[in-house]
Every structure is written in structure tokens, then in C-alpha cells.
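**Student:** Now for the letters of each chain:
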Amino acid sequence: SQKIEQNSEALNIQEGKTATLTCNYTNYSPAYLQWYRQDPGRGPVFLLLIRENEKEKRKERLKVTFDTTLKQSLFHITASQPADSATYLCALDIRGTNAGKSTFGDGTTLTVKP
Amino acid sequence: ETGVTQSPTHLIKTRGQQVTLRCSSQSGHNTVSWYQQALGQGPQFIFQYYREEENGRGNFPPRFSGLQFPNYSSELNVNALELDDSALYLCASSLEGAVGAQYFGPGTRLLVL
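Chains A and U supply the protein sequences, listed in that same order.
With my numbering applied, the first sequence corresponds to residues 1 to 114, in that order.
With my numbering applied, the second sequence corresponds to residues 1 to 113, in that order.
Worth flagging that the hints you see were computed from the coordinates, not collected in a lab.
All of these numbers come straight from a predicted model, not from anything done at the bench.
Ideal Cβ placement from N, Cα and C applies to all residues, glycine included.
Be a bit skeptical, because a hint or two may be false.
To be verified - Chain A side only, calculated, beta carbon under 10 Å to chain U, not exhaustive:
#, residue
1, 4
2, 9
3, 11
4, 13
5, 17
6, 28
7, 36
8, 38
9, 41
10, 46
11, 47
12, 89
13, 102
14, 103
15, 105
This is chain U alone, in the form it adopts within the complex:
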């Protein structure tokens, strides 16, 4: 069984730039969720993708967008980066319709200067 993987592990960008983060879901999981975790805080739900469409969104502006591909992998795109976007971005996979655990990747640490 392959776990959730994310790339890159670390990234440094400057304010105003755009960034793309990538996630491969756990084998057999068809749903991907993205979370933002600021230092010292819990993860905050950004959005979820299922069947290549957004399936729920948290309180994040439209400059946060995503994609899901037929193989269930996913991308998170952030435009017009702001300093407050500096955080650990976590991807989690789960099985649609299932009540239960989601499985997290190791995260991508983004620093915006």
C-alpha cells in the first residue's frame, strides 16, 4: 500500500508570486483534501476534490485553487502570494462515502518572503 506523498518538501517564494503544490493520494483513495497549518495551530480545511471537481471549500479566498487528475492525484495552486500564506500545506486522502480517517502526507513547508 502506497502512502500519501507530497512535493516539494520545502519552498521559498516572494510576495505576489504563484505556487503549485502536488499530492499523490494513498492507493485506493479517490478523495483528496488540502489543509493549511500555520505554526502552532491546527490544520485548516482549504478544499476537497472528488471526481476531479471541488467537493467542499473552507474559508479561503479564490486565489487558492486546485485540480484533481484521473489518477486521483491533486494540485494546490496559490496566486498572488501573501506573507500570511507561509505555512505547512497538508494533503490528505480518503475514500468518498466513507466515514472515518483521512491519511495525511508529510506536507510542504512554504515560506513567503
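So that you can see chain A by itself, here it is in the shape it has in the complex:
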């Protein structure tokens, strides 16, 4: 069956360091992968999308990589700040489907300590 795993339920880092979150998938051929941020009691907020034929995407302090051979995506936050503390979700969409039918991982909760 299709499965998405995000590394460790919680990640604690010091302010200023780079946070690296992992998303691994099996039995899946995604057309693209998305990363979302979710704060407690709120809906997910879209951050970045990367397509299967792209290796890397950047947006300000955020960087996403996508390795379809390893079936893995890495999400980096550089120069992390306490305000970056949240749960980060990865989501996959398969080929031939339009937006809005994503399969999500269970998320990684990031805590950035001052």
C-alpha cells in the first residue's frame, strides 16, 4: 500500500541553525510534492511545490529537494527562528490528478529554541 513517512514526530533545534525535515514515500509515483505549515488548531498553509522533474526549489529561507530515485524529499529552513516553530506536512499528488486530492504524511513538529 502507499505510504508516506516523515522523519521523527518532533525536531528541536537552536535558533539560527538549519532545520532539515524528511519525507519518504513507498509504492508511489508522485507527479509533484508539496510542503505545508500547520499551526495548532489551524488549517495547513501552502509553502512550496516541487514537480517530479525538478531537483530543487527555493523560496526565501526555504529549500525543497526531490529525489524520485530515493523516493525522498528534504525540506530545509535556513537561519531558523522561533516563529518557524510549527508542524510541517508533506503531501503527494499522483500523475493525472488535479490539485486537491493529496495524500499527506503525519507531519513533523519543529521547535526552534531561542
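Position chain U relative to chain A; hints supplied.
**Tutor:** Leaving out everything else, chain U in the frame of chain A:
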């Protein structure tokens, strides 16, 4: 630009009852998806509506049903509520045919006692 809104924010029901949750999509978006998010888990796709018809469904029983209206707003109906239906219900809007992000509302927290 108006974002995705959902109502109510919180709801308490008892087992066996029925519930209706509502969602208004983001301005310009014609597709609405519903997700269920249990505590500590990621959102699970329930179904999607486009042009007032169901356009894909996840692994949820028929007692989960929906509607979409001409203005693209949507309802999620759940009959014969079970304790395991307690969750955050999220609505997300997107543009049909577009590859990319979906925009989520704040969710409705449902508690079934």
C-alpha cells in the same frame, strides 16, 4: 481576495446524530476538497467537488456525503456519527485543471460523544 472560510468552528454531537459542515471557497476557485484530520495525524482526503459533482473520493464510507453549490461553496454531511468521527474537518479550494497548491480553511473541530 477572500480566503477559505468554514463554519461552524466547533461542534459537539452525540453518536448516531447527523452533522453538516460548511465551506466557502477562495475567490476564483471552483474546486473544493474535504479532508479529515485526526489528532496527531495528517489530513486524509475524503472527497472533492467540481461543477457540483463529486470528483474523486478517498477511503470513506457512504455516510460521508457532500454538496457543491453554483457559487462553489460546499457542504460536508456525516450521518450516523461514530466516536471515531471526532476530528478536525478541513476544506480546501483550488482551481480545476491547475497543478498546484490548495488553500485550506481554518477547519471545523467536531467532537462526537
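**Student:** Each hint: holds or not?
**Tutor:** Hints, one by one, checked against the model:
Residue-level restraint check for residue 4 (chain A) holds (minimum Cβ-Cβ distance to chain U is 8 Å; threshold 10 Å). Given the 10 Å rule on beta carbons, the hint for residue 9 (chain A) holds: about 8 Å separates it from the nearest Cβ of chain U. Below 10 Å, beta-carbon pairs count as interface contacts, and residue 11 (chain A) has none with chain U, the closest being about 15 Å; its hint is therefore violated. Among the interface hints, the one on residue 13 (chain A) is violated; its C-beta lies about 21 Å from the nearest C-beta in chain U, farther than the 10 Å criterion.
The restraint placing residue 17 (chain A) at the interface with chain U is violated, with a minimum CB-CB distance near 25 Å, outside the 10 Å limit. Restraint check, residue 28 (chain A) versus chain U: the minimum CB separation of about 14 Å is more than 10 Å; hint violated. The closest approach between the C-beta of residue 36 (chain A) and any C-beta of chain U is roughly 8 Å, which is under the 10 Å cut-off, so the hint is satisfied. For residue 38 (chain A), the interface hint holds, the least distance from its beta-carbon to any beta-carbon of chain U being 9 Å, beneath 10 Å.
Satisfaction of the interface hint for residue 41 (chain A) is found here, the shortest Cβ-Cβ separation to chain U being roughly 8 Å, below the 10 Å cut-off. Restraint check, residue 46 (chain A) versus chain U: the minimum CB separation of about 4 Å is within 10 Å; hint holds. A distance limit of 10 Å between C-beta atoms decides the matter here; for residue 47 (chain A) the minimum to chain U is near 9 Å, and the interface restraint holds. With 10 Å as the threshold, the beta carbon of residue 89 (chain A) comes within range of chain U, its nearest partner Cβ sitting at about 5 Å, so the hint holds.
For residue 102 (chain A), the interface hint holds, the least distance from its beta-carbon to any beta-carbon of chain U being 7 Å, beneath 10 Å. Because the smallest distance between the Cβ of residue 103 (chain A) and any Cβ of chain U comes to about 7 Å, under 10 Å, the interface hint for this residue holds. About 5 Å separates the beta-carbon of residue 105 (chain A) from the nearest beta-carbon of chain U, less than 10 Å, and the hint is met.
Consistency note: the structure conflicts with the earlier hints numbered 3, 4, 5 and 6.
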